[in-house]
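Enquirer: So you can see what is in the structure, the chains are spelled out below.
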Amino acid sequence: MKPAIASVGLGLLAPLLIGAAKPVLVPDISARQVQISYRFAGAQLLLFGAIAYPDGRAPSQPADIAVVLRGPVQPILVREKQKIAGIWMNADSSRFRSAPSFYAVASSRPIRDLVDDRTASIYELGIHNLQLSPGGGSLPEKEQHFEAGLLDLRSRAGLYSENPHGVEINHGILYRAVMTIPGQVPVGTYTAETFLIDRGRVIAAATRDIEIDKSGFERDVWLASRRHRLAYGLASVALSLGLGWAAAIAFRRRF
Amino acid sequence: MHIYLPIAGQSVNALFIILLGFGVGLLSGMFGIGGGFLTTPLLIFYGIPAPVAVASATTQITGASVSGAMVHMRRGGVDLKMAGVMTAGGLLGSIVGAALFRVLLATGQIDLVIGFLYVLILGWIGTIMLKDALIALGLIVLQKRNEKQEPPRHNRWVASLPLRWRFYVSGLYISPVAPLAIGFAAGVLTVLLGIGGGFIIVPAMIYLLGMPARVVIGTSLAMVLAVSAATTVVHALTTRSVDIVLAALLLVGGVIGAQYGAMLALRTKPDLLRLALACIILLVGLRMLLGLAWRPDEIFSIEYL
Numbered sequence: 001m002k003p004a005i006a007s008v009g010l011g012l013l014a015p016l017l018i019g020a021a022k023p024v025l026v027p028d029i030s031a032r033q034v035q036i037s038y039r040f041a042g043a044q045l046l047l048f049g050a051i052a053y054p055d056g057r058a059p060s061q062p063a064d065i066a067v068v069l070r071g072p073v074q075p076i077l078v079r080e081k082q083k084i085a086g087i088w089m090n091a092d093s094s095r096f097r098s099a100p101s102f103y104a105v106a107s108s109r110p111i112r113d114l115v116d117d118r119t120a121s122i123y124e125l126g127i128h129n130l131q132l133s134p135g136g137g138s139l140p141e142k143e144q145h146f147e148a149g150l151l152d153l154r155s156r157a158g159l160y161s162e163n164p165h166g167v168e169i170n171h172g173i174l175y176r177a178v179m180t181i182p183g184q185v186p187v188g189t190y191t192a193e194t195f196l197i198d199r200g201r202v203i204a205a206a207t208r209d210i211e212i213d214k215s216g217f218e219r220d221v222w223l224a225s226r227r228h229r230l231a232y233g234l235a236s237v238a239l240s241l242g243l244g245w246a247a248a249i250a251f252r253r254r255f
Numbered sequence: 001m002h003i004y005l006p007i008a009g010q011s012v013n014a015l016f017i018i019l020l021g022f023g024v025g026l027l028s029g030m031f032g033i034g035g036g037f038l039t040t041p042l043l044i045f046y047g048i049p050a051p052v053a054v055a056s057a058t059t060q061i062t063g064a065s066v067s068g069a070m071v072h073m074r075r076g077g078v079d080l081k082m083a084g085v086m087t088a089g090g091l092l093g094s095i096v097g098a099a100l101f102r103v104l105l106a107t108g109q110i111d112l113v114i115g116f117l118y119v120l121i122l123g124w125i126g127t128i129m130l131k132d133a134l135i136a137l138g139l140i141v142l143q144k145r146n147e148k149q150e151p152p153r154h155n156r157w158v159a160s161l162p163l164r165w166r167f168y169v170s171g172l173y174i175s176p177v178a179p180l181a182i183g184f185a186a187g188v189l190t191v192l193l194g195i196g197g198g199f200i201i202v203p204a205m206i207y208l209l210g211m212p213a214r215v216v217i218g219t220s221l222a223m224v225l226a227v228s229a230a231t232t233v234v235h236a237l238t239t240r241s242v243d244i245v246l247a248a249l250l251l252v253g254g255v256i257g258a259q260y261g262a263m264l265a266l267r268t269k270p271d272l273l274r275l276a277l278a279c280i281i282l283l284v285g286l287r288m289l290l291g292l293a294w295r296p297d298e299i300f301s302i303e304y305l
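Chains A and B, in that order, are what the protein sequence lines are. Residue numbers are given in my numbering: position 159 of the first sequence equals residue 159, and the series is strictly consecutive. Residue numbers are given in my numbering: position 234 of the second sequence equals residue 234, and the series is strictly consecutive.
Take the hints with a grain of salt, since some may be wrong.
Some chain A residues near chain B, calculated using beta-carbon distances under 8 Å [stated by the list, open to error]:
1) Val26
2) Pro27
3) Ala43
4) Leu45
5) Val73
6) Gln74
7) Glu80
8) Gly86
9) Arg118
10) Thr119
11) Leu153
12) Gln184
13) Val237
14) Trp245
Honestly, the hints are just simulated from the structure, not real lab data. Everything numeric in this text was worked out from a predicted model, so none of it was measured. Ideal Cβ placement from N, Cα and C applies to all residues, glycine included.
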């Protein structure tokens, strides 16, 4: 089934590829939209596609694929607790202006075997190569300290992840990677970037967008709490009064 | 069954939240306590962000105090004028409390302050309840007090305040500043901690204002009802952390639990239960204290700008 799709895809692309010296990536995603509904407890995305080589055949030494899924960038403040007078409290903090809310990278081989550090940091491959833009004015040691804290926190929450063997390549032309989005992801536009890497160089790249949004009732509630604050508050009060009253009537308790 | 909470931004086990509401409702119906002081810490232990836990627990208090307030209203046990003055104080308190809440949120100390105040309050209530339970069970004997030496009818500080109003239902002629101040304190606590403050208002009304016992509970319930309802609106307007889905789950369990609790209270002798409740409250307080003193699981925390 898969080779059939791939050959159809290659057939369509073939006219475009004539004369092209470099291979082209044809990526796709199992879902262009992810809806967060009341049962949302995370989602799995299949990122797949084909590598279209100019001559239609995979080279003898197959190239590698790295797939990066990243969420919208958010400015954040990372706080660190310290023990002060016997009590743990937030003491120091550091800003990061461009931390992605979600970041997952999957590759056919470990990143360090694919590219050197410089290339990895240019394409932000690997969680330690993220450009977090720490707020100016603080010492590099402090920045590193907070960055390590941030990466650790988000890695354990499943928000930042690396899977060094997460991409499967079939026949040198079809690739697929499964990525898991945890239940607590923020909404927004996510991007899926695919990189074709050959001998330490990125020779092709392609990007697809995914919309992750709250849907239906959840979305309405969230929007109402932001846009119609007074009505939302009054509705909450009416709900509690109504339920309290209903229970009192239903039980008709006597004193 | 997992349900996604739109404001908290996470999935929770709906059955667990309903059961939590039911348990707290049961206790509140049984002992006439608001229960907010148990809901909020338990929600925080469960992993709900502290601001959402506080705001949503406030909504639950409104629902929990409806039936009690209705009953007392029917029996004429509510001093509406007094409740009105205290509610006015409570509204001021909730607005000031909300400003305080925002400042604490911005400096990153909100969790610490909530935790610290809870340790104090739970320790206080738990100790009082434990003492009462032990006395009721005859495990400790009170020293006999001189019956003739009653406390003075009017507190000296309250009597020295300017401006005097007549509160006919309570049979008092006092300055409205005193109930206003009590309401104010309760309002601040309601916003900060998600508690009704009944355990502060009731003793204050008896010992500071000298109100007769027959109107104390009804008046405090009416005031808690009004202030918690107003506080929910204040939270919705300022902190925007009222999660209506979470509140609804808590309410469904809570209002039913309160009814069963009231029934149980009439049928059983609840001294042993009171002892158990005192121990639960002290344990929750101890857990919160340890939470402050022990190295936390997460040293780092992330705040969105």
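Enquirer: Taking the hints in turn, state whether each one holds.
Expert: To see whether the hints hold, each was checked on the structure:
no.	hint	result
1	Val26	violated (34 Å)
2	Pro27	violated (29 Å)
3	Ala43	violated (12 Å)
4	Leu45	violated (18 Å)
5	Val73	violated (12 Å)
6	Gln74	holds (6 Å)
7	Glu80	holds (6 Å)
8	Gly86	holds (6 Å)
9	Arg118	violated (29 Å)
10	Thr119	violated (29 Å)
11	Leu153	holds (5 Å)
12	Gln184	holds (5 Å)
13	Val237	holds (5 Å)
14	Trp245	holds (5 Å)
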